[in-house]
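Novice: What follows is each chain in one-letter form.
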Amino acid sequence: MTENINSVGIIANPASGRDIRRLVAHGSVFDNVEKVNIVRRILLALNNLDLDKVYIMPDSFGIGNSALNGLWGEEKKNFKIDVDIMNMTITGSAEDSFNAACLMEEKGVDVIIVLGGDGTNRVVVKALKNTAVLSLSTGTNNVFPIMAESTMLGLAAGLYTKFTPEEREKVTQPIKCIYIIKDGEIVDIALIDAVVVNESYIGSKALWHVELLEEILVTRSTSYDIGMVSIAGRLTDVGVLDNGGAFIRIGDSEHKVKAAIAPGVIKTIPIKDWKKIKQEEVIELPKKKRIIALDGEREVVVKKDEKLKMQLTYAPARFLDYKAALELADSKKMLEVK
Amino acid sequence: MKKLSYAEALREAMAEEMEKDSSVFIMGEDVGIFGGCFGVTGDLVERFGQDRVRDTPITETAIIGSAVGAAMTGSRPIAEIMFAGFLGVPMDEIFNQAAKMCYMTGGQAKVPMVLRVPNGAGIGAAAQHSERTEAWFTHIPGLKVVYPSNAADAKGLLKTAIRDDNPVMFFEHKILYNHVGDVPEDEDYVVPFGVAEVKREGSDLTIIATGIEVSHSLEAAEKLAEEGISVEVIDPRTLVPFDKETLLKSVEKTGKLLIVSEETKRGSFASEISAVVAEEGLFYLEQPIKRVCAPDAPVPFSSVLEQAYLPNPDDIVTAVKEML
Amino acid sequence: MKESKEELVKLLEDMLVIREFETKVQKHFAEGEIPGFVHLYLGEEAVAVGACSALKEDDFITSTHRGHGHLLARGGDLKKMMAEIFGKATGYNKGKGGSMHIADVSLGILGANGIVGAGLPIAAGSGISAQILDKDSVTICFFGDGASNRGTFHEAINMASVWDLPVVFVCENNLYGISMPQYTNDHRKGQNIQDVSDRAVAYGISGVTVDGNDVMAVNEAVVEAVKKARSGGGPSLIECKTYRHRGHFEGDPTVYRSDEEVERWKEKDPIDRFVKILKDQEILDDEGYKELRNEVKGRVEEALQFAQESPEPDPSEVTTDVYYGGAE
Ligand SMILES: Cc1ncc(C[n+]2csc(CCOP(=O)(O)OP(=O)(O)O)c2C)c(N)n1
Ligand SMILES: [Mg+2]
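Protein chains in written order, with our numbering: chain A, 1 to 338; chain B, 339 to 662; chain C, 663 to 990.
Just so you know, not all the hints are guaranteed correct.
Unchecked claim - Here are the computed lysine-lysine pairs in the DSS-like style, where the Cα-Cα straight-line distance is at most 30 Å: (1) Lys718/C with Lys267/A; (2) Lys448/B with Lys797/C; (3) Lys289/A with Lys952/C; (4) Lys941/C with Lys287/A; (5) Lys941/C with Lys289/A; (6) Lys303/A with Lys952/C; (7) Lys851/C with Lys287/A; (8) Lys952/C with Lys288/A; (9) Lys941/C with Lys309/A; (10) Lys309/A with Lys889/C; (11) Lys76/A with Lys333/A; (12) Lys718/C with Lys287/A; (13) Lys718/C with Lys205/A; (14) Lys851/C with Lys303/A; (15) Lys561/B with Lys582/B; (16) Lys289/A with Lys928/C; (17) Lys672/C with Lys959/C; (18) Lys959/C with Lys288/A; (19) Lys797/C with Lys672/C; (20) Lys205/A with Lys930/C; (21) Lys889/C with Lys448/B; (22) Lys304/A with Lys941/C; (23) Lys304/A with Lys718/C; (24) Lys889/C with Lys289/A; (25) Lys258/A with Lys889/C; (26) Lys537/B with Lys587/B; (27) Lys672/C with Lys930/C; (28) Lys307/A with Lys941/C; (29) Lys851/C with Lys76/A; (30) Lys307/A with Lys930/C; (31) Lys941/C with Lys205/A; (32) Lys53/A with Lys338/A; (33) Lys289/A with Lys304/A; (34) Lys309/A with Lys667/C; (35) Lys77/A with Lys338/A; (36) Lys304/A with Lys938/C.
Unchecked claim - Chain C is nowhere near these chain B residues, computed Cβ spacing over 10 Å in every case: (37) Gly377; (38) Glu384; (39) Pro415; (40) Leu556.
Calculated from the structure, these hints are not laboratory results. We put the CB at the ideal spot given by N, CA and C, even for glycine.
When you get a sec, could you build the whole thing from the sequences and use the hints?
Specialist: Quick look at the structure:
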């Protein structure tokens with residue numbers, strides 16, 4: 001870790017925003033040209049804050065380079081930040097986001113701006129030990145990242161790099177997550193929901209056959225979030241910042257709720273039973289072959305004799321509340337020009 | 339018999355076939371409520387609905403390509419391309435797809451489609467909207483090429499074309515659209531492909547003409563008759579298949595052949611006709627074959643230039659006199 | 663959705679048939695027994711199989727120059743196919759089509775096309791037929807990433823969208839059109855977007871990108887798109903990211919891609935991956951897999967023998983079939 005260097009990382013997932021939910025639901029398409037625009041706006045915002053360095057994850061589309069190449073005229077002349085499109089192997093898979101997050105943390109970035117959906121954020125948070133994330137939604141069906149103008153996120157991230165540790169604590173929030181534990185080993189995490197599905201393959205990843213749902217563990221339960229977590233929203237209230245979560249079993253029952261499981265898709269779900277669970281509680285699941293969907297995407301294959309547990313816990317990383325950061329900066333008159 | 343214009347005769351042919359066979363449909367640019375650029379489809383959309391009289395986007399390639407697909411899957415599309423000069427756009431769909439599908443699949447695939455095209459000059463539409471492209475398609479095995487010269491043939495040939503199991507290039511002359519003629523009323527009236535019509539019998543010289551040049555030739559023959567010259571006029575009606583027998587028989591009788599076509603001369607269908615006679619009827623000829631065609635230049639815009647460009651009855655009279 | 667053991671094993675079997683068939687073609691092309699150009703489907707098996715298994719009997723497909731896999735996935739007769747590739751009289755096309763035009767029209771295959779991108783308007787037309795003839799058939803149009811740069815792509819998808827034609831446009835993005843990469847970070851590229859599916863938005867239709875080396879991912883997407891098309895929801899564009907193991911055609915020295923790239927993609931081999939899933943799920947064991955492979959090998963061997971022993975076409979056949987049903 002290099003001291004006294006203000007730096008921000010940017011991870012933009014080129015693959016987000018075009019999965020099967022455009023077909024099985026009414027998800028919107030988020031093309032890569034728009035991701036380039038977003039990154040460029042973030043860079044321009046950061047450029048105004050005398051930042052030392054910006055690291056960008058390389059990707060096969062070349063989002064970072066395109067963002068820089070699109071600068072021209074005065075903007076280009078005045079662009080002073082040292083942008084490092086990191087030197088790492090591109091695999092074209094989620095591994096890239098994971099590796100980039102690890103590398104950025106090694107370089108000591110203060111905050112990583114993530115462009116992607118729940119899936120991208122899940123991978124990034126999984127990789128981090130202490131760096132804050134600021135996540136902007138570029139997919140469909142997302143709960144974790146926010147929707148906001150990227151210029152403001154760029155400013156917030158840049159200002160955050162100049163905060164004291166106490167201030168940083170104040171403008172960030174803890175991130176709840178679920179550990180997926182197979183035969184005693186943590187194999188993956190979920191940020192919003194982990195769903196047990198009676199299926200045998202991962203296929204196109206997204207989850208929409210609700211008749212195959214069996215158990216759902218959620219880290220939050222609000223009346224307004226979309227996705228599998230929407231089922232929990234009907235049953236109980238657990239805020240993003242509250243301790244604890246909920247566990248629901250689906251199946252033959254008189255008790256049915258309507259849930260918005262995907263954009264434009266509202267399904268009736270029978271609730272067998274459900275309960276609130278405490279922070280750090282471990283849920284043990286019956287042994288059988290199944291697929292676990294993490295944050296709406298089929299990810300983990302469980303064989304029939306593998307022992308499966310899930311634990312509700314906190315991820316080491318924290319989430320940057322960009323509004324709080326901007327408000328704090330203004331209260332400190334950080335954007336006043338002398 | 340009833341009096342119909344060439345355009346009305348075409349419309350009637352389509353209407354009757356659409357009435358009879360629900361797999362027949364029309365598509366093209368502005369063929370619906372607008373009635374077709376030359377009014378040929380007229381009110382058909384009111385009678386058959388938008389599903390069967392389809393207004394397409396400006397999309398020549400997809401019009402022909404999709405006609406091929408529709409034809410291969412049980413429909414009988416009648417596709418209209420607005421002007422023969424636009425046929426360069428969907429050329430692949432015509433000569434690589436429509437024409438070759440049957441052969442390439444070893445006779446498995448049938449492509450029963452008709453491609454209707456307004457052909458010819460004479461309306462001051464200049465070079466790109468006055469093309470005569472029939473010869474291009476006679477060069478392509480797998481296509482049939484039809485070119486009616488009057489209302490009755492227009493109807494009878496179009497009905498045959500719609501019923502044919504092969505792709506048919508159906509050329510219509512723009513100037514002829516308003517020509518009125520006697521058309522048989524019988525619903526089963528059709529004109530078979532490959533049968534030329536001797537439009538006028540004569541003994542001194544044979545004229546074979548296509549499209550609008552059939553009328554011009556008949557007019558010339560009338561004038562020549564006043565001077566005691568007897569001209570036989572043949573209309574092949576379909577260029578592929580081409581009725582060689584009728585032509586060769588006539589040439590055997592008269593010993594002289596004049597070919598009249600509005601095409602530019604070089605590489606024209608007129609050239610093909612002369613080759614056929616040179617190959618199979620050379621010794622019937624008493625003197626060289628003559629062709630009256632348009633000069634090898636694009637169609638000019640100015641009326642003066644356009645009239646100078648197009649073969650007319652006087653040109654035909656002059657040519658005949660030169661030969662006698 | 664495919665769940666039963668039979669359905670899943672059938673998908674594997676169909677992929678194996680393509681793998682074995684193409685491997686045989688590769689070998690006998692190299693030995694000089696097959697004339698002309700041969701474009702193999704090796705490595706892309708999951709696309710044809712995942713997509714065709716979403717269709718009913720009276721549905722249609724349009725195929726491409728790389729079409730053996732499409733016809734095989736649609737249930738093509740191995741003997742007639744191999745004989746056609748050998749140019750024999752007993753082939754599907756009586757020796758008049760060959761590798762690039764091999765088709766069984768009775769299986770709803772609207773030609774395999776030597777003109778890149780020609781299948782798209784034809785597929786749209788097949789969709790029009792469904793409307794004109796009031797049938798619920800759906801047409802899958804296979805085409806490459808290279809083809810997506812042709813005007814036919816634009817015209818056909820636009821038309822299909824305007825009229826809600828029941829067509830599923832399946833783009834086999836194998837990253838190259840001959841030597842031209844679909845997308846790179848420099849100027850030598852086919853298009854300036856990485857995902858062909860991005861273009862769907864411009865036509866007002868759904869577009870998705872799936873892992874084309876995952877037969878289940880392809881199948882799920884195509885099943886949904888077919889369902890949508892059949893129920894009047896119009897066309898979709900499904901981009902399957904995949905890779906051809908061989909050169910563009912047999913004999914291509916492939917100077918435009920690295921061995922490491924090929925190796926990386928071979929690690930994502932669609933058959934190996936699916937076999938692993940089936941084994942993990944205890945749907946298939948080593949013994950069963952071996953049996954299946956041997957059985958498929960046997961069928962392909964039989965087809966090869968049939969082709970080799972079949973007579974050449976009679977020269978008098980040159981001018982038949984120019985017109986349907988006989989002469990001019
Ligand atoms: C209209 C046309 N242009 C060029 C070619 C030559 N050609 C044959 S295959 C090919 C590449 C096609 O690439 P793609 O569509 O990606 O299909 P792939 O071969 O990768 O499966 C080209 C350029 C052709 N056959 N047709
Ligand atoms: Mg390709």
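Novice: Could you run down the list of hints and mark each one as holding or not?
Specialist: Verification of the hints:
1. At roughly 28 Å between alpha-carbon atoms, Lys718/C and Lys267/A fall within 30 Å of each other, so this suggested pair holds.
2. Under the criterion of a C-alpha separation no larger than 30 Å, the hint pairing Lys448/B with Lys797/C is consistent with the structure, at around 19 Å.
3. Proximity of Lys289/A to Lys952/C is assessed by CA-CA distance (about 24 Å); at most 30 Å being required, the pair is judged to hold.
4. Under the criterion of a C-alpha separation no larger than 30 Å, the hint pairing Lys941/C with Lys287/A is consistent with the structure, at around 18 Å.
5. For a cut-off of 30 Å, the pair hint linking Lys941/C to Lys289/A stands: about 12 Å separates their Cα positions.
6. With a C-alpha separation of about 23 Å, the suggested pair Lys303/A and Lys952/C falls inside the 30 Å cut-off, and the hint holds.
7. Using a Cα cut-off of 30 Å, the hinted pair Lys851/C and Lys287/A is violated, with the two alpha carbons roughly 50 Å apart.
8. Between the alpha carbons of Lys952/C and Lys288/A the distance comes to roughly 27 Å, so the proposed pair stays at or under 30 Å and holds.
9. With a C-alpha separation of about 23 Å, the suggested pairing of Lys941/C with Lys309/A holds against the 30 Å cut-off.
10. Only pairs whose Cα atoms come within 30 Å are accepted, and Lys309/A paired with Lys889/C is rejected, the gap being roughly 37 Å.
11. Of the pairs offered as hints, the one joining Lys76/A and Lys333/A holds, with about 27 Å between alpha carbons and a cut-off of 30 Å not exceeded.
12. About 37 Å separates the Cα atoms of Lys718/C and Lys287/A, which puts this hinted pair outside 30 Å; it is violated.
13. At most 30 Å may separate the alpha-carbon atoms for a hinted pair to count; Lys718/C and Lys205/A meet this at roughly 25 Å.
14. Between Lys851/C and Lys303/A the alpha-carbon distance is near 43 Å, which puts this suggested pair outside the 30 Å criterion.
15. Proximity of Lys561/B to Lys582/B is assessed by CA-CA distance (about 27 Å); at most 30 Å being required, the pair is judged to hold.
16. Simply put, Lys289/A and Lys928/C have alpha-carbon atoms about 28 Å apart, close enough for the 30 Å limit, and the pair holds.
17. The straight-line distance between the Cα atoms of Lys672/C and Lys959/C is roughly 15 Å, inside the 30 Å bound, and the hint therefore holds.
18. Restraint check for Lys959/C and Lys288/A: not satisfied, since their Cα atoms lie roughly 35 Å apart, outside the 30 Å limit.
19. In summary, the hint linking Lys797/C to Lys672/C is supported, as the alpha carbons are separated by about 28 Å, within the 30 Å threshold.
20. The suggested pairing of Lys205/A with Lys930/C holds, with an alpha-carbon distance near 17 Å, which does not exceed 30 Å.
21. Simply put, Lys889/C and Lys448/B have alpha-carbon atoms about 29 Å apart, close enough for the 30 Å limit, and the pair holds.
22. Distance hint between Lys304/A and Lys941/C is fulfilled; the C-alpha atoms sit about 12 Å from each other, no more than 30 Å.
23. Pair hint Lys304/A plus Lys718/C does not hold up; C-alpha atoms about 34 Å apart against a cutoff of 30 Å.
24. For the hint pairing Lys889/C with Lys289/A, the CA-to-CA distance comes to about 29 Å; that is within 30 Å, so the pair holds.
25. At most 30 Å may separate the alpha-carbon atoms for a hinted pair to count; Lys258/A and Lys889/C meet this at roughly 24 Å.
26. Between Lys537/B and Lys587/B, the direct Cα distance comes to roughly 14 Å. Compliance with the 30 Å bound is thereby established for this hinted pair.
27. Distance restraint check for Lys672/C and Lys930/C: the Cα-Cα separation of roughly 20 Å lies within the 30 Å cut-off, and the hinted pair is therefore satisfied.
28. At roughly 19 Å between alpha-carbon atoms, Lys307/A and Lys941/C fall within 30 Å of each other, so this suggested pair holds.
29. Distance hint between Lys851/C and Lys76/A is fulfilled; the C-alpha atoms sit about 26 Å from each other, no more than 30 Å.
30. Distance restraint check for Lys307/A and Lys930/C: the Cα-Cα separation of roughly 28 Å lies within the 30 Å cut-off, and the hinted pair is therefore satisfied.
31. Distance hint between Lys941/C and Lys205/A is fulfilled; the C-alpha atoms sit about 20 Å from each other, no more than 30 Å.
32. With a C-alpha separation of about 24 Å, the suggested pairing of Lys53/A with Lys338/A holds against the 30 Å cut-off.
33. The hinted pair formed by Lys289/A and Lys304/A meets the criterion: a straight-line CA distance of about 4 Å does not exceed 30 Å.
34. Between Lys309/A and Lys667/C, the direct Cα distance comes to roughly 28 Å. Compliance with the 30 Å bound is thereby established for this hinted pair.
35. With a C-alpha separation of about 23 Å, the suggested pairing of Lys77/A with Lys338/A holds against the 30 Å cut-off.
36. Our distance criterion of 30 Å between C-alpha atoms is met by Lys304/A and Lys938/C, whose separation comes to about 15 Å.
37. Distance check for Gly377/B against chain C: the nearest CB is about 24 Å away, which clears 10 Å, and the non-interface claim stands.
38. For Glu384/B, the condition that its CB be more than 10 Å from all CB atoms of chain C holds, with the nearest at approximately 18 Å.
39. At the 10 Å boundary, the C-beta of Pro415/B falls inside the reach of chain C, the nearest C-beta of that chain being 7 Å off.
40. For Leu556/B, the shortest C-beta to C-beta distance to chain C comes to about 27 Å, beyond the 10 Å cut-off, and the non-interface label holds.
Consistency with the previously given hints fails for numbers 7, 10, 12, 14, 18, 23 and 39, ordered from lowest to highest.
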